[in-house]
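> Chain by chain, the residues run as shown.
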Amino acid sequence: MKVRTKFFAAIKDIVGASEVELDLSPGITAGDLFQSYCRRHPPLERYANNIMISVNLEFVPPETRLDDGDEIAFIPPVSGGSRGDRGHHHDRHR
Amino acid sequence: MIDIVETDLELEPLVQHVRKNSNGAVVTFLGVVRGFSRGRNVLYLEYEAYRDMAIRKMHQVADEAREKWAIDDIAMLHRVGHLEVGERSVAIAVGAPHRKVAFEACEYAIDRLKEIVPIWKKEVWEGGEAWIDDRP
Numbered sequence: 000m001k002v003r004t005k006f007f008a009a010i011k012d013i014v015g016a017s018e019v020e021l022d023l024s025p026g027i028t029a030g031d032l033f034q035s036y037c038r039r040h041p042p043l044e045r046y047a048n049n050i051m052i053s054v055n056l057e058f059v060p061p062e063t064r065l066d067d068g069d070e071i072a073f074i075p076p077v078s079g080g081s082r083g084d085r086g087h088h089h090d091r092h093r
Numbered sequence: 000m001i002d003i004v005e006t007d008l009e010l011e012p013l014v015q016h017v018r019k020n021s022n023g024a025v026v027t028f029l030g031v032v033r034g035f036s037r038g039r040n041v042l043y044l045e046y047e048a049y050r051d052m053a054i055r056k057m058h059q060v061a062d063e064a065r066e067k068w069a070i071d072d073i074a075m076l077h078r079v080g081h082l083e084v085g086e087r088s089v090a091i092a093v094g095a096p097h098r099k100v101a102f103e104a105c106e107y108a109i110d111r112l113k114e115i116v117p118i119w120k121k122e123v124w125e126g127g128e129a130w131i132d133d134r135p
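For the protein sequence lines, the chains are B and G, in the order given.
The opening position of the first sequence corresponds to residue 0 in numbering that gives the first Met the number 0, with each subsequent residue numbered one higher.
The opening position of the second sequence corresponds to residue 0 in numbering that gives the first Met the number 0, with each subsequent residue numbered one higher.
Hints should not be assumed to be uniformly reliable.
[As the list claims (entries may be wrong)] Pairs of lysine-lysine, DSS-like flavour, derived with a Cα cap of 30 Å: (1) G:K121 with B:K5; (2) B:K1 with B:K11; (3) G:K19 with G:K121; (4) G:K121 with G:K99; (5) G:K19 with G:K67; (6) G:K99 with B:K11.
Everything labelled a hint here was simulated from the structure, so no lab data went into it.
All values derive from a computational prediction rather than experimental measurement.
Construct all of the structure, not just a fragment, from the sequences and the given hints.
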């Protein structure tokens, strides 16, 4: 299955790309994909605890399974100290 | 009126957008690029947005404010790209029948925007630059 991954701000600088098309095996989760990027780009690991992941423009929990055609983004923190309820997981919009 | 733009922001169009005969109060917020941050003189800022998601999340913020305070009228614009010190990065206007609600909803809108809208800023100073985690 093919997915598109987008990178922004500090994450984009570490990965060295703003957008990548990937061919993945079914069953992979959004969190798995982030972990695989961490292995390839170790400086990403410092974001592991506060990265937010979006699929098709909505925040999702890391255990969300990816589907063909999904657009994924790793969202570095947009707000410093007060994290509010950014950890709140919204339903995916399909 | 909700959008992400690359040009200078003016409050007046937002005020016009939320000014109605039923609204006795209009409260506005303007975010401005500070020339001094974290002990350094800032040369300029670069704002970057995940545009499609940011616009969607700005609509979510507006919908939340409308629901929470039973208001109709809220306008939000965020600028991206290269911003000089003193330039306006974000503008919000809320119209409501009474001022208390307008103040509260406007404060909520800017706080919530900073939480869930994927827009980042990079500070550039003499000899360095860094992505900043809190905006603007």
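> If a hint holds in the structure, say so; if it does not, say that too.
Status of the hints after comparison with the structure:
1. G:K121 with B:K5: Holds, at roughly 18 Å.
2. B:K1 with B:K11: holds, 20 Å
3. G:K19 with G:K121: violated, 38 Å
4. G:K121 with G:K99: violated, 34 Å
5. G:K19 with G:K67: Holds - the C-alpha atoms of G:K67 and G:K19 are around 20 Å apart, at most 30 Å.
6. G:K99 with B:K11: violated, 41 Å
Checked against the numbered hints above, the structure breaks hints 3, 4 and 6 and satisfies the rest.
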